[in-house]
Each structure stands twice: as C-alpha cells, then as structure tokens.
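**Q** Listed here are the chains, written in short residue letters.
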Amino acid sequence: MAGKNSDVESIDFEQALTELEKIVKELEAGSLSLEKSLELFERGVKLARLCKEKLAVAELKVSKLIKEKEGVFAEEPFKAED
Amino acid sequence: MAAVPANKIYTVYQINKMVDDRLRSEFSDIWVVGEVSNFKAYPSGHLYFALKDERSQIPAVCFREAAQRLKFQLKDGDLIIGHGRVEVYVPNGRYQLILDTIEPKGLGALQRAFEELKRKLEREGLFKPERKRPLPKLPQTIGIITSPAGAAIHDMLRTLQLHRAHLKVLIYPVQVQGEGAAEQIAQAIWEMNTLENVELLIVGRGGGSWEDLWPFNEEVVARAIASSRVPVVTGIGHEVDWTIADFVADVRAATPTAAATLVARGWEEFEKRLDDLWVEMKQRVQEFIFDQERSVDVLIKHRGFENVSRRLSEARYQTELLAEMLNRALNQKVNLGYQKLNSVVERLNRQNPVARVMHWRVLLETFSSRLEKGFINAKNKIDARLTKAAASLDALSPLAQLARGYAICQKPDGSVVVSVDNIRLGDEVVVRIVDGSLDCQVKDIMKGVNGGG
Numbered sequence: 001m002a003g004k005n006s007d008v009e010s011i012d013f014e015q016a017l018t019e020l021e022k023i024v025k026e027l028e029a030g031s032l033s034l035e036k037s038l039e040l041f042e043r044g045v046k047l048a049r050l051c052k053e054k055l056a057v058a059e060l061k062v063s064k065l066i067k068e069k070e071g072v073f074a075e076e077p078f079k080a081e082d
Numbered sequence: 001m002a003a004v005p006a007n008k009i010y011t012v013y014q015i016n017k018m019v020d021d022r023l024r025s026e027f028s029d030i031w032v033v034g035e036v037s038n039f040k041a042y043p044s045g046h047l048y049f050a051l052k053d054e055r056s057q058i059p060a061v062c063f064r065e066a067a068q069r070l071k072f073q074l075k076d077g078d079l080i081i082g083h084g085r086v087e088v089y090v091p092n093g094r095y096q097l098i099l100d101t102i103e104p105k106g107l108g109a110l111q112r113a114f115e116e117l118k119r120k121l122e123r124e125g126l127f128k129p130e131r132k133r134p135l136p137k138l139p140q141t142i143g144i145i146t147s148p149a150g151a152a153i154h155d156m157l158r159t160l161q162l163h164r165a166h167l168k169v170l171i172y173p174v175q176v177q178g179e180g181a182a183e184q185i186a187q188a189i190w191e192m193n194t195l196e197n198v199e200l201l202i203v204g205r206g207g208g209s210w211e212d213l214w215p216f217n218e219e220v221v222a223r224a225i226a227s228s229r230v231p232v233v234t235g236i237g238h239e240v241d242w243t244i245a246d247f248v249a250d251v252r253a254a255t256p257t258a259a260a261t262l263v264a265r266g267w268e269e270f271e272k273r274l275d276d277l278w279v280e281m282k283q284r285v286q287e288f289i290f291d292q293e294r295s296v297d298v299l300i301k302h303r304g305f306e307n308v309s310r311r312l313s314e315a316r317y318q319t320e321l322l323a324e325m326l327n328r329a330l331n332q333k334v335n336l337g338y339q340k341l342n343s344v345v346e347r348l349n350r351q352n353p354v355a356r357v358m359h360w361r362v363l364l365e366t367f368s369s370r371l372e373k374g375f376i377n378a379k380n381k382i383d384a385r386l387t388k389a390a391a392s393l394d395a396l397s398p399l400a401q402l403a404r405g406y407a408i409c410q411k412p413d414g415s416v417v418v419s420v421d422n423i424r425l426g427d428e429v430v431v432r433i434v435d436g437s438l439d440c441q442v443k444d445i446m447k448g449v450n451g452g453g
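Going down the list, the protein sequences come from chains A and B. Last residue of the first sequence: number 82 in my numbering, and the count goes up by one each step with no gaps. Last residue of the second sequence: number 453 in my numbering, and the count goes up by one each step with no gaps.
Calculated directly from the structure, the hints in this document are not laboratory data. Please note: incorrect hints may appear among the correct ones.
For lysine-lysine, the following DSS-like pairs were computed, each having C-alpha atoms within a straight-line distance of at most 27 Å [stated by the list, open to error]:
#, chain 1, residue 1, chain 2, residue 2
1, B, Lys282, A, Lys36
2, A, Lys25, B, Lys137
3, B, Lys105, B, Lys118
4, B, Lys137, A, Lys52
5, B, Lys282, A, Lys52
6, A, Lys46, B, Lys137
7, A, Lys22, B, Lys282
8, B, Lys118, A, Lys54
9, B, Lys411, A, Lys22
10, B, Lys411, B, Lys447
Label pairs and their calculated CB-CB ranges [what the hints assert, rightly or not]:
#, chain 1, residue 1, chain 2, residue 2, range
11, A, Lys79, B, Asp21, 33 to 41 Å
12, A, Lys46, B, Lys40, 27 to 35 Å
13, B, Glu124, A, Leu32, 52 to 60 Å
14, B, Gln161, A, Lys67, 22 to 30 Å
15, A, Lys79, B, Leu74, 33 to 41 Å
16, B, Ser227, A, Leu32, 27 to 35 Å
17, A, Glu26, B, Gln161, 31 to 39 Å
18, A, Lys79, B, Glu130, 37 to 45 Å
19, B, Ala151, A, Pro77, 47 to 55 Å
20, B, Asn331, A, Lys46, 53 to 61 Å
21, B, Glu130, A, Lys67, 49 to 57 Å
22, B, Gly207, A, Lys79, 19 to 27 Å
None of these values were measured; they are calculated from a predicted model. Each residue gets a CB set at the ideal place from its N, CA and C atoms; glycine is no exception.
Please model the entire structure based on the sequences and the hints provided.
**A** Here it is, written out as structure tokens:
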C-alpha cells in the first residue's frame, strides 16, 4: 500500500501528549529547581508546537479501495455515487 | 356485447363500497396471527406494517388510539396476535387489517433466527466485555465498509471532518442489503485486515427495515468481525436497531454518524487537551517563577538575611577602609621610595663631574640673572633720582629768572660774565634774555654802578 504513514513522519501524537501531560504534572509538583523546570517547559513548548503544526497541516483524506486482484488493492479519490 | 340492464351496472366506487360493507360485516371481529414486517410509525401516531406468514401477507394499520394502548414496542420480525376487522380502503380498493389490539406471540422466523444465532455466539463468548478492544485514540488510517451510495457514507465523512479528525479514510464499497450483502461485508472486513496501516474499521449502514438490516444479523458477518485484527465499530440503522454485528463489535454506535463521532473524538479531545496542557504549562511555569521570586523576597526580608546583609555591608566598609589604608601606606612608601631615590640620584649626580659643571652653570645662571635684575633695579633707582633732581634743578634754573626780565651775559666761550673785571673794552658778549639773545660789543665799562653803587 502506498504512502505508509509517510505523511506522519516521526511524531507520535499520543506519545507527545503523554509526555506533555507528564511535564505539566512535574511542574505542578513544584519540587523542581528553576533550571530543571525551565528545561521541562522548553521541552513542553517544543512538543506542543510540533503537535500543533502537524495538526494544522493534517486533514481528512478519503480514498476508495479498488480490488485489482486477490489481496491487491488500488486507491482512487472517493466520489459518492448517487 | 350483450345487453345489460342499466340498473346492473355499478360504478367503481359502488363496488368498493359494497365489498367494504361485506367485509366489515363478515370480518368485524376477528383474531389474526402473523409476523410484523415493513413496520412504519407515522408522525400522526398511526402504525402501518404488513402481517405475514410463510405463504402470504396483508397490509395492516393500527390507528393512534389503539397504538397508544400497546404494551410493547412493535417492530419488524415480531410475531403477534391481533384483534380487529378487515375493511377496504375505498379510494384505492385495497383491503387491509384494522387492528385495535396487538399482543406479542412468541417470535417470528427472522426473529427466531436472530435469537438462535445470538444465543450461539453468546455461548462462544463472542459478546464478552473482555473481548472488546479499546479504539485507538488517534487513528491515522481507518477503513469504512459501507455502501458508496446513500446518506450513511456522507454522514460519516461529514462528521469526521466536523470533528477535525486528522486521518486517512479508505472506503471499501459494499452492498448493504439484499442477497449476497452479508458475504460482501464479511469479505471486506477480512480484506481490510490485510492492509497493515488500517487501525480500525467502521461497519456502517443507514436506517432501514428489519429485513434491510438483515445482512448484519448473519453469522458470516459476525464471524468476520470477531476475527478482525483491528477493532471494529458498528453504526447500523437507528438507535433502536440492535444487530448481531453490534453485539460482536468492539464498540457499537447507535448510528453511522455516532460511529464517526466516536472515531473522531480522540482527535478532537487531543486538540483540546493539547490546548489545555499548553495553557496549564505556561501557568505553572509563571507560578513557579513567581513563587521563586517571592521566596527570594521572603529570604531578603528575613532577619537572618538582614544580619547577613548588615554584616556584608560592614565587611564591605571595612574592606574599603583597609583598601584606603593600604593605598595610603603604599603611596607613602612609594613617595618615600621616590624621595630616597631622588636624593640618591642627587648625591650620585653631585659626584659626577659633568653634573658638577652643570650644577655650577645653573648656579651661575641663577646669579647672573640675579645680577642683571639687581642692576636693572639700581639703574631704575638712579633714573628715578635723576628725574627728581632734574625737576628740582629746573626750579632753580637761571632761565626761569629770565622770564622776569633778567638777562645773562656770556662770553663767546659760553662763560658767564659775573664781573666787569673780566671784560675789556671792545669785547664781544652775548646777552641772553628770555626769548632770545643779543650779540653785543662792550662800549664802556663802569664799575660799581649796580649792586655796589
């Protein structure tokens, strides 16, 4: 199948969010040094920004599967049949 | 055409009316058993459906007054016992059952098949909650198995779009009702499972009759769903429709739109959570920094710190003092050093013959300059005295006497004639008066004429 996850590149949205949640929790605990908390904050900003950028470009793509032979499919842009 | 008496010819209406009268009198109080099919509840509250058995069917109506008294939700596949009458709907000549009482009577054939399959699969454990897999929160590729025509696919795509699902949709077009539909749906489920990036499947169909939804009650579809590698979400018919496929699915959504909403929800929540975390994180860091600042403030105001602060400024003062002292001492030392050095150099210079000459020269110059100054002074003094003397001299000058009419008599050599004894007859003399002089020759000499005389 063509374009296997290639449009998603390296970022895993769920992992990014999990890490971001962890960062916020650590910041909430407030037992960090100023340096450490700023370091975490910087990391968090980077993650959030990356996700946002990814989301901004991602949109719904719709294709119809066409069976060429057993187990082999082609895709074509979906247009609803009336 | 044979001659027919006019009174034997009926209008269409008359026939329908006569049949209606006949049926009403003969079938005014009858009981009937049959399976409900093609059930439709109208907004007016009337229920329309067909009653059928293996060989035949008849249109049936339950008007609102009777429908409101029903003790159960009538639906396709229900086997019922009804009471009512038969009549003709005169405008179109169709006859129908008008039921005033309906009671459930066991299960219809389809209902029976449904119940049997449901029991069988349930025994196999296919409906168990622990079999249900959670849907991936943020699926990036999903498969939709449905009819490419019809409202369901439109509803699902629009819903995904609406909820900002950032994903790729692969549509496997299938027939969703009628002969062979169940096999196509099962095939689609199997084949979509071979596409490795598909993360979940939606099996969907819009609303329809009990028979229309029947493919989703067939075992082949149930088995395909149960064996699916990826989670399956069903969205079949309306809220009230439960199919076998719904029981086997990992998640049953009430409608195709609801299924799409469930799938998109993760994305929507993700975006919202991301925004929330962003705001929260910024707040936390701001608070954190604020806290730090405050605790520094508290420390500064603390007495212990004040002590330290005071001691610090004292120490600074002392340091400055020390530095100043050191500086001064150093300067003194340096000055002393310089002085010492200078005297040594001087003494050394004095031993140096060149320096000695220089020394004397300097001295000489000093003296000569002093001498010069002294001289000038002396000269000035003398000048002053001279000028003064000249002035007093002026006052005593004989010339001043001349103005009063006196004259001075001089010999040609300039000597002043003060006595007639110095003059002989015939001598030439010059007589000076105030404004000039007269050259004269002595004509006579008379002694003692003036002062002595």
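**Q** Hinted pair, alpha-carbon criterion (27 Å max): B/Lys411, A/Lys22. Please report holds or violated.
**A** violated, 144 Å
**Q** Starting from the range 37 to 45 Å, see whether the pair A/Lys79 and B/Glu130 falls in it by beta-carbon distance.
**A** holds, 41 Å
**Q** Take a quick look at whether B/Lys282 and A/Lys36 sit within 27 Å of each other, Cα to Cα.
**A** It holds: about 15 Å lies between the C-alpha atoms, which stays within 27 Å.
**Q** With the threshold set at 27 Å, check whether the alpha-carbon distance from B/Lys411 to B/Lys447 stays at or below it.
**A** holds, 18 Å
**Q** At the C-beta level, are B/Ala151 and A/Pro77 separated by a distance inside 47 to 55 Å?
**A** violated, 20 Å
**Q** What's the verdict on B/Lys105 and B/Lys118, does the C-alpha distance respect the 27 Å limit or exceed it?
**A** Distance ~20 Å between B/Lys105 and B/Lys118 Cα, so the pair holds.
**Q** Please verify whether B/Lys282 and A/Lys52 have alpha carbons no more than 27 Å apart.
**A** holds, 16 Å
**Q** That 53 to 61 Å hint for B/Asn331 and A/Lys46 (C-beta), does it hold up?
**A** Hint holds: Cβ distance 60 Å, inside 53 to 61 Å.
**Q** That 33 to 41 Å hint for A/Lys79 and B/Asp21 (C-beta), does it hold up?
**A** Given about 57 Å between the Cβ atoms, the range is violated.
**Q** Assess, step by step, whether the Cα of B/Lys137 is no farther than 27 Å from the Cα of A/Lys52, and give holds or violated.
**A** holds, 17 Å
**Q** Given the proposed pairing of A/Lys46 with B/Lys137, does the C-alpha separation stay at or below 27 Å?
**A** Distance ~22 Å between A/Lys46 and B/Lys137 Cα, so the pair holds.
**Q** So does B/Ser227 sit 27 to 35 Å from A/Leu32, Cβ to Cβ?
**A** violated, 49 Å
The structure fails hints 8, 9, 11, 12, 16, 19, 21 (numbered hints given earlier, in ascending order).
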